[in-house]
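Could you put the whole structure together from the sequences, leaning on the hints where they help?
Protein chains: 2
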Amino acid sequence: MSVDEVAPHRRGRPPTLKDVASMAGVSIATASKALNNRQHVGAATRQRVQSAADALNFSPNALAQGMVAQRSGTVGLLTSDLVGRFSMPVLRGAEDAFGSEKMSVLLADARDDHIRQQHHLRALLSRRVDGLIVVGAQPDPRPSLGQDLGVPVVYAYAPSDDPQDMSVVADDVAGGRLAVDHLIRCGRRTIAHVTGDPTYGASHDRARGAVERLAEEGLTLAGGEVMYDSWSEAWGRGATRLLLDREPALDAVFAGSDQIARGVLDALLEAGKRVPEEVAVIGFDNWEVLATGSRPPLTTIDPALENLGRVAALRLASAIEGRAGHGVESYPCRLVTRSSTAPLH
Amino acid sequence: MSVDEVAPHRRGRPPTLKDVASMAGVSIATASKALNNRQHVGAATRQRVQSAADALNFSPNALAQGMVAQRSGTVGLLTSDLVGRFSMPVLRGAEDAFGSEKMSVLLADARDDHIRQQHHLRALLSRRVDGLIVVGAQPDPRPSLGQDLGVPVVYAYAPSDDPQDMSVVADDVAGGRLAVDHLIRCGRRTIAHVTGDPTYGASHDRARGAVERLAEEGLTLAGGEVMYDSWSEAWGRGATRLLLDREPALDAVFAGSDQIARGVLDALLEAGKRVPEEVAVIGFDNWEVLATGSRPPLTTIDPALENLGRVAALRLASAIEGRAGHGVESYPCRLVTRSSTAPLH
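First to last, the protein sequences are chains A and B. Counting in full-length UniProt numbering, the first sequence runs from 1 upward without gaps. Counting in full-length UniProt numbering, the second sequence runs from 1 upward without gaps.
Bear in mind the hints are in silico, worked out from the structure with no lab data behind them. Keep in mind that a hint or two might mislead.
Note that identical chains are pooled: a pair holds if it fits in a single copy or bridges any two copies.
As the list claims (entries may be wrong) - In silico EDC-like cross-links for lysine to aspartate or glutamate, where the CA-CA straight-line distance does not exceed 20 Å: (1) Lys18 to Asp112; (2) Lys33 to Glu225; (3) Lys18 to Asp113; (4) Lys33 to Asp113.
Encoded structure:
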């Protein structure tokens, strides 16, 4: 009997631990232990439970499930991200990890304003949230909220500046490396890097990954250096005009953001360069409204924010159960290919 | 002195706490404390804030203040807006109206998925929210959640399809009228309208406002008709190429969204038309990442979503106190001028 045949009556509600236990023929407690890799579960049982979970497409958040029994079932998400560009995907990922019926997310918008943040913090704590996820407006380290809040905190996207805290972030170095790796696989050799504000650590991290990957091929950056300025289309256009002067053989640009990449594309188009035939362009962010509307649609590096939200929720659930983590965990970005890159013929 | 000279930024919206804070030269939090007679605000500051509130005719929201005393102090915001583009400004406006220390907003992301919406609804109600604000992913009417939830509901941005419900929406007809009025004031006479999906009521409403305002000048649409297709840059480009063929004297385009406007600008640039000298372009949405990065930066109609959030919060506060409203209330859009429109010389 296939999963398709079994599953239709369950369509629309996620499988529960009970479903898994029932399919594996074990108690709920045993299923929970098996999925959480606790001791006192034999290897065969563990395997049977895992197979049932896989067949049912069960995404274990036993942590959150256990947790919710004694808790308010509410997590606060404190964001400084005005347009929701970064916080909404993190929120979605966290909701997916917890399960909406088990945990609600109270979102509060601190607007990068310290006083407002303190207000929101008090308001969230007075509502007895079980924990907090803090999402920054940009990926650089942000001040810790301290260790005395009485509930666990996980920082997502922007790490805390206190190594005692737990932070989950996108791996910008690996993201920069991934971008250049893709361009090299497309046969490009004269690769420039146009990026944003040099006061952002993320600019330097992405650039470092790019330069390291180039060095492995015996290459250096076209234009001679990383071109830092601002996270804007205007800078993408300006930088590209400079580059075309300096590097007539330019065959690829790695832009540090999709906004910059849009400017790069426009300037190349104006200079009569064909993208991707003559010059390939890759961005960073996978901001869909920018990346899908461009000519041609933009290949870009996606920082996988939903995954960050999911991991942040799991780490928070562990911390609520008394197993707090520390330090900064980096998670991979992923390559999203559209039409602005292609192999050289 | 005309209203235009005094208060261009306030046209069509009541003063907010932010306006008061800005006029008094203090933070929003301080203005809030001063108006609520909290401690830790100096007498001089309190006086300055009160004077600003008086000058602006700002009425602090006694409803929300009174309401919260006997309630959970939590409002649910149920959104289907994947990127947060529409829900985040509504959330901010609602927070401003309530005051973050008095009311928290539980945000739940329904992702346009009926089953997920039902889950979230149960989750929110089980957390005893005092009321719900429902934000649609697009401005067309959406199915009512019904009258049996046990808490009041206000629909924002997208109205409910049940006239028993209370909805607050942007006035798309007036928005279309405002766009064309601005173009006419810039001396334009050959004005086309390129817009999105014809199955959206908002497309037709914006077009109707535009056509009505043209008719007052004895004008009709350049190109002979509203050009409907999709909310995309690609359609903006395609439509503009068609228009330049049909209407060599084209001197203005009203685009039904900022995405479309970006395409219009690109196609005009490619055709060698100078914007705004030869052709003026106005968009709709004031989606900043699109409107500020374009060449030239885009004049556009802002649907004033923060104000919708503020009004939704006030209506919800009334309903929670037992004075529920019904029907659809429309609120003005506002004109945001940048460089893509200018008077003809």
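Status of the hints after comparison with the structure:
1. Lys18 to Asp112: between (32 Å within a copy, 15 Å between copies)
2. Lys33 to Glu225: Neither, since 53 Å and 50 Å both go past 20 Å.
3. Lys18 to Asp113: Only across copies: Lys18 and Asp113 sit 13 Å apart there, 35 Å inside one copy, limit 20 Å.
4. Lys33 to Asp113: Between copies only: 16 Å across, 40 Å inside.
In this structure, only the earlier hint numbered 2 is contradicted, and the remaining ones agree with it.
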